[in-house]
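S.K.: Listed below, chain by chain, are the residues.
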Amino acid sequence: GAVVSQHPSWVICKSGTSVKIECRSLDFQATTMFWYRQFPKQSLMLMATSNEGSKATYEQGVEKDKFLINHASLTLSTLTVTSAHPEDSSFYICSARPSSGLQYFGEQFFGPGTRLTVL
Amino acid sequence: GDSVTQMEGPVTLSEEAFLTINCTYTATGYPSLFWYVQYPGEGLQLLLKATKADDKGSNKGFEATYRKETTSFHLEKGSVQVSDSAVYFCAPLDTGRRALTFGSGTRLQVQP
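Protein sequences appear in the order of chains A and B.
My numbering puts the first residue of the first sequence at 1, with every later residue one more than the last.
My numbering puts the first residue of the second sequence at 1001, with every later residue one more than the last.
For reference, chain A alone in the conformation it holds in the complex (with noise of 0.2 Å):
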């Protein structure tokens, strides 16, 4: 159990081209989500901190209005990189925490990742 997905797990685009990623939590619901992007061997960074049904949190010195996140379900999140630019290219990765259930206390789950190139 606790399963997240994303799709498409690599996509490459042409520069001020969108690309949308999906994050989806298979076998429970996530009232929170969470994007990180992740540099080639260094850790990962919180960008954004998604709730269903209302706006997302964004961290200090991540666009908003480039990185666009819309949480319209329990079991989904989608991150939008608008207008993408090489620099953007990185590997972004969601997680979902369990609305529920007390064994999961503080955890969450991890999707794959997605690999985003940008020419």
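In case anyone wonders, no lab produced these hints; they're calculated from the structure.
Among the hints, erroneous ones may be present.
[As the list claims (entries may be wrong)] Here are the simulated lysine-lysine pairs, BS3-like style, with alpha carbons at most 27 Å apart: (1) B:1056 / B:1077; (2) A:20 / A:64; (3) A:20 / A:55; (4) A:41 / B:1077; (5) B:1060 / A:41; (6) B:1068 / B:1056.
We have chain A; now place chain B onto it with these hints.
M.R.: Relative to the frame of chain A, chain B by itself:
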């Protein structure tokens, strides 16, 4: 906000060697503490966790004890295997934002 310091890698060990990966943190209050592992080409997986002081988390032969007095959560394994080769991340849970703060990650390479 919270911060985490992990020992830098890569850590290279021979099979059956003893492993310690140090982790210290700064946080407001007493956060829950997690170790996540990222195997090559895969997503992060929870390895173990501890939710209060003196708790010991354990899984797959790995252990870590929540030390409030030293704000540490060092990861140990008595006998590593080649299959343990991965990147290990220490992460306290920010009690305010309910978000994880990740350390820089420590790459472990186990040689046969």
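S.K.: With reference to the structure, classify each hint as holding or not holding.
M.R.: Hints, one by one, checked against the model:
Restraint check for residue 1056 (chain B) and residue 1077 (chain B): the C-alpha separation of about 13 Å stays at or below 27 Å, so the hint holds. Using a Cα cut-off of 27 Å, the hinted pair residue 20 (chain A) and residue 64 (chain A) holds, with the two alpha carbons roughly 14 Å apart. For the given pair, residue 20 (chain A) sits about 17 Å from residue 55 (chain A) by alpha-carbon distance, which is consistent with the 27 Å threshold. For a cut-off of 27 Å, the pair hint linking residue 41 (chain A) to residue 1077 (chain B) stands: about 23 Å separates their Cα positions.
At most 27 Å may separate the alpha-carbon atoms for a hinted pair to count; residue 1060 (chain B) and residue 41 (chain A) meet this at roughly 24 Å. Distance restraint check for residue 1068 (chain B) and residue 1056 (chain B): the Cα-Cα separation of roughly 12 Å lies within the 27 Å cut-off, and the hinted pair is therefore satisfied.
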